[in-house]
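Visitor: Sequence:
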Amino acid sequence: MRHTGFRRTFVAIGVCSSLALAASACGSGDGDTASGKTRITVNCEPPKSAKVDRRFFDDDTAAFEKQNPDIDVVAHDAFPCQDPKTFGAKLAGGQMEDVFYTYFTDARHVVDINQAADLTPYLKELKSYDTIQKQLRDIYTVDGKVYGIPRTGYSMGLIYNRKLFQKAGLDPDKPPATWEEVRADAKKIAALGNGTVGYADYSAQNQGGWHFTAELYSQGGDVVGADGKAGVDTPEGHAVLQNLHDMRWTDDSMGSKQLLIINDVQQMMGSGKLGMYLSAPDNIPILVKEKGGDYKDLALAPMPGGKGTLIGGDGYMFNKRDTPAQIRAGLKWLDHMFLTPGKGFLGDYARAKKNDAPVGLPEPRLFTGAADAKDQQVKKANANVPVENYQAFLDGNQQLQMKIEPPNAQQIYSVLDSVVSAVLTKKDADIDQLLKEASAKIDSIPRS
Numbered sequence: 012m013r014h015t016g017f018r019r020t021f022v023a024i025g026v027c028s029s030l031a032l033a034a035s036a037c038g039s040g041d042g043d044t045a046s047g048k049t050r051i052t053v054n055c056e057p058p059k060s061a062k063v064d065r066r067f068f069d070d071d072t073a074a075f076e077k078q079n080p081d082i083d084v085v086a087h088d089a090f091p092c093q094d095p096k097t098f099g100a101k102l103a104g105g106q107m108e109d110v111f112y113t114y115f116t117d118a119r120h121v122v123d124i125n126q127a128a129d130l131t132p133y134l135k136e137l138k139s140y141d142t143i144q145k146q147l148r149d150i151y152t153v154d155g156k157v158y159g160i161p162r163t164g165y166s167m168g169l170i171y172n173r174k175l176f177q178k179a180g181l182d183p184d185k186p187p188a189t190w191e192e193v194r195a196d197a198k199k200i201a202a203l204g205n206g207t208v209g210y211a212d213y214s215a216q217n218q219g220g221w222h223f224t225a226e227l228y229s230q231g232g233d234v235v236g237a238d239g240k241a242g243v244d245t246p247e248g249h250a251v252l253q254n255l256h257d258m259r260w261t262d263d264s265m266g267s268k269q270l271l272i273i274n275d276v277q278q279m280m281g282s283g284k285l286g287m288y289l290s291a292p293d294n295i296p297i298l299v300k301e302k303g304g305d306y307k308d309l310a311l312a313p314m315p316g317g318k319g320t321l322i323g324g325d326g327y328m329f330n331k332r333d334t335p336a337q338i339r340a341g342l343k344w345l346d347h348m349f350l351t352p353g354k355g356f357l358g359d360y361a362r363a364k365k366n367d368a369p370v371g372l373p374e375p376r377l378f379t380g381a382a383d384a385k386d387q388q389v390k391k392a393n394a395n396v397p398v399e400n401y402q403a404f405l406d407g408n409q410q411l412q413m414k415i416e417p418p419n420a421q422q423i424y425s426v427l428d429s430v431v432s433a434v435l436t437k438k439d440a441d442i443d444q445l446l447k448e449a450s451a452k453i454d455s456i457p458r459s
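If you count the sequence shown from 1, position 123 lands on 134 in the numbering used here, and the numbers rise without skipping.
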């Protein structure tokens with residue numbers, strides 16, 4: 012699922028702006044310029060409307076070119092970094108940039124259609140590669156070969172309002188750890204009245220299917236099993252829907268307005284009328300900067316259920332037409348921009364703090380070992396948000412299985428959207444029948 016993005020003041024994402032651009036404008040294949048420099052085109056430059064992030068990105072790229080006078084970086088911007096409506100066509104038409112942004116869920120498809128360069132022979136030149144979390148590196152590894160480099164990663168958790176917990180007589184330092192506890196706490200919060208909702212969930216625009224998947228993972232289930240068959244018509248899938256049904260219709264703790272999407276739920280949380288919802292840490296600054304929330308009231312717990320959580324994120328892949336010189340140049344650029352702990356576009360926490368951007372959120376957490384320790388040290392030194400509010404999330408995540416979104420995620424989410432919306436809008440919805448039909452539909456989706 013496309014996430015809200017890891018951002019400081021804006022979601023920094025962009026693509027080459029038009030399919031009408033000639034191949035030389037995006038992925039050149041020939042990286043030599045008249046001056047003898049190696050030229051690379053890259054995307055995901057923040058748009059001009061995101062003034063602060065745009066300045067950071069351009070300043071960092073200029074610093075890179077000064078340190079590497081033999082490399083010329085041509086950045087393309089647009090919003091978003093990857094538009095699903097044009098991504099496939101750009102790949103098929105050979106118009107992708109030399110170094111291009113992808114969601115984790117794209118990696119296998121790009122490799123399968125033979126549009127990605129094999130980076131394996133060049134990895135020794137990427138200083139940071141071995142410091143990146145293995146489970147993230149593995150996403151871009153296909154049949155033992157590496158085709159991409161992770162840039163950020165997120166995992167789902169439970170955002171909750173500490174103030175409402177206190178008002179409802181709940182301990183804000185002991186968030187619910189099971190779905191039974193979520194249900195009980197949501198009921199108490201909803202009892203506060205005045206339009207207060209205990210727990211909210213998405214059920215439209217594929218977002219309901221996305222959250223169903225996260226909730227199924229938390230129960231220890233799989234949307235698609237190892238055999239490629241649907242895994243939703245199971246006790247775990249039934250438990251997800253039964254819990255939502257009971258909170259909605261028996262407890263009345265989810266409110267009467269349904270078919271919600273992310274913006275609706277964020278607005279409820281930011282206005283202080285919602286107790287809990289599922290999301291990743293990157294929602295917190297949105298709730299404060301755009302929806303009226305307060306950092307001190309917002310806390311984060313791990314996914315209830317204790318078995319698993321959905322992870323996602325993004326990274327960069329390289330055009331199959333890239334020359335060896337372009338691949339080496341692109342890897343150097345990634346190291347400089349995103350993969351040096353405590354520095355670069357995503358890691359310069361001192362710069363972010365100076366520009367009143369949130370520092371201290373528990374994710375993204377890309378590195379391991381000494382690199383992670385360095386990154387966390389610099390982050391902690393510049394923290395300007397209440398990091399203690401996220402400790403439960405950090406501690407709990409250590410016990411959870413991290414699971415990526417399923418293949419053909421958007422098609423599957425579309426199927427599951429109708430299941431979740433039916434349960435939340437029809438009191439007499441037949442859960443067994445809904446799951447049986449959804450399972451058949453998922454099995455009929457062509458495998459890419």
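Calculated from the structure, these hints are not laboratory results.
Take these hints with a grain of salt, some might be off.
[Claimed, not checked] Taking lysine to aspartate or glutamate and the EDC-like style, the derived pairs with C-alpha atoms no more than 16 Å apart in a straight line are:
1. Lys284 with Asp305
2. Lys318 with Asp367
3. Lys343 with Asp182
4. Lys145 with Asp454
5. Lys138 with Asp305
6. Lys156 with Asp129
7. Lys48 with Glu76
8. Lys62 with Asp367
9. Lys284 with Asp257
10. Lys48 with Asp94
11. Lys438 with Asp141
12. Lys438 with Asp262
13. Lys48 with Asp70
14. Lys447 with Asp141
15. Lys354 with Glu399
16. Lys343 with Asp94
17. Lys135 with Asp346
18. Lys198 with Asp129
19. Lys343 with Glu136
20. Lys240 with Asp454
21. Lys59 with Asp69
22. Lys438 with Asp263
23. Lys307 with Asp182
24. Lys307 with Glu399
25. Lys343 with Asp81
26. Lys145 with Asp123
27. Lys385 with Asp141
28. Lys447 with Asp233
29. Lys300 with Asp233
30. Lys174 with Asp305
31. Lys199 with Asp263
32. Lys437 with Asp233
Visitor: Confirm or reject each hint.
Guide: Against the structure, the hints:
A distance of roughly 13 Å separates the Cα atoms of Lys284 and Asp305; the hinted pair therefore holds under the 16 Å criterion. As the CA atoms of Lys318 and Asp367 are separated by approximately 36 Å, the hinted pair breaks the 16 Å bound. Of the supplied pair hints, the one linking Lys343 and Asp182 is violated, its CA atoms being roughly 48 Å apart against a limit of 16 Å. Restraint check for Lys145 and Asp454: the C-alpha separation of about 30 Å exceeds 16 Å, so the hint is violated.
Proximity of Lys138 to Asp305 is assessed by CA-CA distance (about 39 Å); at most 16 Å being required, the pair is judged violated. Annotation: proposed proximity of Lys156 to Asp129 holds, straight-line Cα distance about 7 Å (limit 16 Å). With a C-alpha separation of about 11 Å, the suggested pairing of Lys48 with Glu76 holds against the 16 Å cut-off. Restraint check for Lys62 and Asp367: the C-alpha separation of about 13 Å stays at or below 16 Å, so the hint holds.
At roughly 20 Å between alpha-carbon atoms, Lys284 and Asp257 are farther apart than 16 Å, so this suggested pair is violated. At most 16 Å may separate the alpha-carbon atoms for a hinted pair to count; Lys48 and Asp94 exceed this at roughly 30 Å. This hinted pair does not check out: Lys438 and Asp141 have alpha carbons roughly 51 Å apart, beyond 16 Å. Proximity of Lys438 to Asp262 is assessed by CA-CA distance (about 12 Å); at most 16 Å being required, the pair is judged to hold.
For the suggested pair Lys48 and Asp70, the alpha carbons sit about 20 Å apart, so the restraint of at most 16 Å is broken. As the CA atoms of Lys447 and Asp141 are separated by approximately 44 Å, the hinted pair breaks the 16 Å bound. Distance check on the hinted pair: Lys354 and Glu399 sit about 24 Å apart at the alpha-carbon level, beyond 16 Å; violated. Our distance criterion of 16 Å between C-alpha atoms is broken by Lys343 and Asp94, whose separation comes to about 26 Å.
Restraint check for Lys135 and Asp346: satisfied, since their Cα atoms lie roughly 12 Å apart, inside the 16 Å limit. About 53 Å separates the Cα atoms of Lys198 and Asp129, which puts this hinted pair outside 16 Å; it is violated. A distance of roughly 8 Å separates the Cα atoms of Lys343 and Glu136; the hinted pair therefore holds under the 16 Å criterion. About 6 Å separates the Cα atoms of Lys240 and Asp454, which keeps this hinted pair within 16 Å; it holds.
A distance of roughly 11 Å separates the Cα atoms of Lys59 and Asp69; the hinted pair therefore holds under the 16 Å criterion. Among the hinted pairs, Lys438 with Asp263 is consistent with the structure: their alpha-carbon atoms are about 11 Å apart, no more than 16 Å. Among the hinted pairs, Lys307 with Asp182 is consistent with the structure: their alpha-carbon atoms are about 15 Å apart, no more than 16 Å. The straight-line distance between the Cα atoms of Lys307 and Glu399 is roughly 10 Å, inside the 16 Å bound, and the hint therefore holds.
Note on Lys343 and Asp81: the hinted pairing holds, with a Cα-Cα distance of about 12 Å set against a maximum of 16 Å. For the hint pairing Lys145 with Asp123, the CA-to-CA distance comes to about 22 Å; that exceeds 16 Å, so the pair is violated. Of the supplied pair hints, the one linking Lys385 and Asp141 holds, its CA atoms being roughly 15 Å apart against a limit of 16 Å. About 15 Å separates the Cα atoms of Lys447 and Asp233, which keeps this hinted pair within 16 Å; it holds.
Taken as a hint, the Lys300 and Asp233 pair is broken in the structure, with Cα atoms around 35 Å apart against an allowance of 16 Å. For the given pair, Lys174 sits about 10 Å from Asp305 by alpha-carbon distance, which is consistent with the 16 Å threshold. A distance of roughly 11 Å separates the Cα atoms of Lys199 and Asp263; the hinted pair therefore holds under the 16 Å criterion. Annotation: proposed proximity of Lys437 to Asp233 is violated, straight-line Cα distance about 25 Å (limit 16 Å).
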